[in-house]
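Novice: Sequence:
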Amino acid sequence: MGQLNMFYHFDVEQDFMYKANTFIQQLNRMSELDAELVHLIHDEMKYGRGQIIDKTNEAIEQYQKTNQSYNDMYKNSMHTAAQRYTNMINDMRGQNITLYYDVITREKKK
Numbered sequence: 001m002g003q004l005n006m007f008y009h010f011d012v013e014q015d016f017m018y019k020a021n022t023f024i025q026q027l028n029r030m031s032e033l034d035a036e037l038v039h040l041i042h043d044e045m046k047y048g049r050g051q052i053i054d055k056t057n058e059a060i061e062q063y064q065k066t067n068q069s070y071n072d073m074y075k076n077s078m079h080t081a082a083q084r085y086t087n088m089i090n091d092m093r094g095q096n097i098t099l100y101y102d103v104i105t106r107e108k109k110k
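full-length UniProt numbering puts the first residue of the sequence shown at 1, with every later residue one more than the last.
There could be a bad hint or two in this list.
With a Cα cut of at most 20 angstroms, we get these calculated DMTMM-like pairs of lysine to aspartate or glutamate [claimed, not checked]:
id	residue 1	residue 2
1	K46	D34
2	K55	E32
3	K55	D43
4	K65	E36
5	K75	E32
6	K46	E61
7	K75	D43
8	K65	D34
Computed beta-carbon distance windows for the label pairs [what the hints assert, rightly or not]:
id	residue 1	residue 2	range
9	H79	F10	19 to 29 angstroms
10	T98	T22	40 to 50 angstroms
11	Y74	D43	45 to 55 angstroms
12	T98	S69	46 to 56 angstroms
13	M17	Q68	14 to 24 angstroms
14	Y70	Y100	52 to 62 angstroms
15	S69	H9	33 to 43 angstroms
16	S69	H42	45 to 55 angstroms
Since the hints were made in silico from the structure, they are not lab data. Where is the CB? At the ideal position from N, CA and C, for every residue including glycine.
Taking the hints into account, I'd like the entire structure generated from these sequences.
Specialist: In structure tokens form, the structure reads like this:
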């Protein structure tokens, strides 16, 4: 008796990465607006001198770096979550099966 083990897909696999793309687009937009705000503040203070101006510029740059780090982390998290969701759904669309069969041989008559 022979047997064949295989994974049978009951339905076509789907890609659910689009679910993360909307969130990632919003994060990209937030990064753009953040950069615009920093640029605007730097333009307003470019002719100013002094310790307060310097500390403000340092704080703004640190703020932007921190926000960018968070945005990158959230993008990676959303990408990973969407990939896991895609894999989980596609795995549920299939099942491991084992087929058992008998080999029948016929002898030729002489």
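Novice: Any hints this thing doesn't respect? Which numbers, in order?
Specialist: Checked against the structure, the hints that fail are numbers 2, 7, 11, 16, while the rest are satisfied.
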